[in-house]
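S.K.: These protein sequences, in sequence, are chains Y and D.
For the first sequence, my numbering begins at 1 and goes up steadily by one.
For the second sequence, my numbering begins at 308 and goes up steadily by one.
A hint or two may mislead.
[Said to hold, decoys possible] Cβ-Cβ distance ranges computed for the label pairs, FRET-style:
hint : chain 1 : residue 1 : chain 2 : residue 2 : range
1    : D       : 335       : Y       : 206       : 53 to 61 Å
2    : D       : 341       : Y       : 144       : 36 to 44 Å
3    : D       : 378       : Y       : 167       : 22 to 30 Å
4    : Y       : 10        : D       : 312       : 26 to 34 Å
5    : Y       : 122       : D       : 341       : 46 to 54 Å
6    : Y       : 184       : D       : 386       : 37 to 45 Å
7    : D       : 339       : Y       : 144       : 20 to 28 Å
[Said to hold, decoys possible] Calculated cross-link-like contacts (lysine-lysine; reagent style DSBU-like; alpha-carbon spacing at most 35 Å):
hint : chain 1 : residue 1 : chain 2 : residue 2
8    : D       : 390       : Y       : 258
9    : Y       : 206       : Y       : 91
10   : D       : 390       : Y       : 91
Hint data in this document are derived by calculation from the structure and do not stem from the laboratory.
From the three backbone atoms N, C-alpha and C, an ideal C-beta is built for every residue, glycine too.
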Amino acid sequence: MPLSERQRADFERVVRANDVVLFMKGNRRFPQCGFSATVVGILDKLTSTYETVNILEDPAVRDGMKEFSSWPTFPQLYVKGEFLGGCDIVKDMYASGELQKKLGVAETPVSAPRVTLSAAAVKAFMEAGSDVGSDVLRLEIDAAFNADLHFAPKADGDFEVQCAGVSLHVAHASAGRADGISIDFVQAPSGMAFKIDNPNQPPRVKPIHPKELKPMLDAKSIELFDVRPEDERAIASIAQSKPLDPKGMSYLLGLDKKTAVALHCHHGVRSRLAAEQLLREGFTNVYNLEGGIEAWSREVDPAVSRY
Amino acid sequence: MSDHPTDFTGDVCAAIRGAITTRIPDARVEVTGGGGHYSIEVRSSEFSGKTMLASQRLVYAAITHLMAGDRPPVHAVDRLTTKSD
């Protein structure tokens, strides 16, 4: 069925109204096909603002877009009104850095990122890399600064960084975010693990356990706030904590943004969300009491009631 | 693998190959797959100087009729490769 002029104008409007529009099966949160999920995954690494149209909801859109784009499959990605292609093309464009340019998020450093490896990390890489065949050691750092270090085939656009005899491939899109990082190999609770220190990473909520928080509170080197409502505070509360009622909130927001601030709730979930909000307010030294008041009662002060 | 019902009877791989070579006479086509999902590799001088988007469109245009409707023989092209050599 040929596309009517009106439909064509409607589609034209949709792809021009937003910089990035993905016509896909399902939506961003619940893609309903692997190809759509792949493209969502790539876009999520690059930008937080894009629109999706679920073509499964409307057969007219589904059939119409095939003709509008002269492309028989989904997903279909439009950037600034231009049809870029489907999953294969988007993957290739992402690997080569071309997609980043189209999206205006190009992080193309003029040179390869500078990376420092500790002696322990070098040794660990040498051992791990002895039987991986043609795979290379690759580092990817996504837009949320999650680092992924793995052995994989090298990809187009990779920067190859040599460090103390180790060859590290840094994914093209990650190079800007990787510049200046150091990698160590250290003892972690679950065994030896790579520890990546990235100076480009924005501040994060730091987990703190009751036994670590206690001495800081005693030394008055941290401010503790309770995000729970009054009825829960009436059941149990930590003596040194301040409620985040309007008064507590205005006190908190008046503090120097570098102040060490910890938040707690019952189990540590609500306070984590609040702590992330504090980072957005500009606070840089924010802790979340892991396990909340429940863990505090178990590990520090059994006199605090559990509920 | 997911199941995609179709009313098409016959060799889908052959139908894909035939549709492409009808449209692009010098194309050398390799098709693998089944159950609605196919991988297609096409070599043709037609692609020289064309972008990947334009090259893939050419191939898709040739097989559109195999992908149209509610129960098409070709549900998805898992990998489409176009080479100009």
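S.K.: State for each hint whether it applies.
M.R.: Each hint tested on the structure:
At roughly 59 Å, the beta carbons of residue 335 of chain D and residue 206 of chain Y sit within the given window of 53 to 61 Å. Against the hinted window of 36 to 44 Å, the Cβ-Cβ separation of residue 341 of chain D and residue 144 of chain Y comes to about 39 Å, which satisfies the hint. In this structure the hint that residue 378 of chain D and residue 167 of chain Y lie 22 to 30 Å apart at CB is violated, the actual value being about 51 Å. The given range of 26 to 34 Å is respected by residue 10 of chain Y and residue 312 of chain D, whose C-beta atoms sit roughly 31 Å from each other.
The hinted range of 46 to 54 Å is satisfied by residue 122 of chain Y and residue 341 of chain D, whose Cβ atoms lie roughly 47 Å apart. Residue 184 of chain Y and residue 386 of chain D have their C-beta atoms about 39 Å apart, which keeps the hinted 37 to 45 Å range intact. At roughly 37 Å, the beta-carbon separation of residue 339 of chain D and residue 144 of chain Y lies outside the given 20 to 28 Å, and the hint is violated. Taking the CA atoms of residue 390 of chain D and residue 258 of chain Y, the gap is near 57 Å; set against the 35 Å cutoff, the hint is violated.
This hinted pair checks out: residue 206 of chain Y and residue 91 of chain Y have alpha carbons roughly 34 Å apart, not beyond 35 Å. Proposed proximity of residue 390 of chain D and residue 91 of chain Y is supported: the alpha carbons are some 17 Å apart, at most 35 Å.
Hints 3, 7 and 8 from the list above are not met by this structure, while the remaining hints are.
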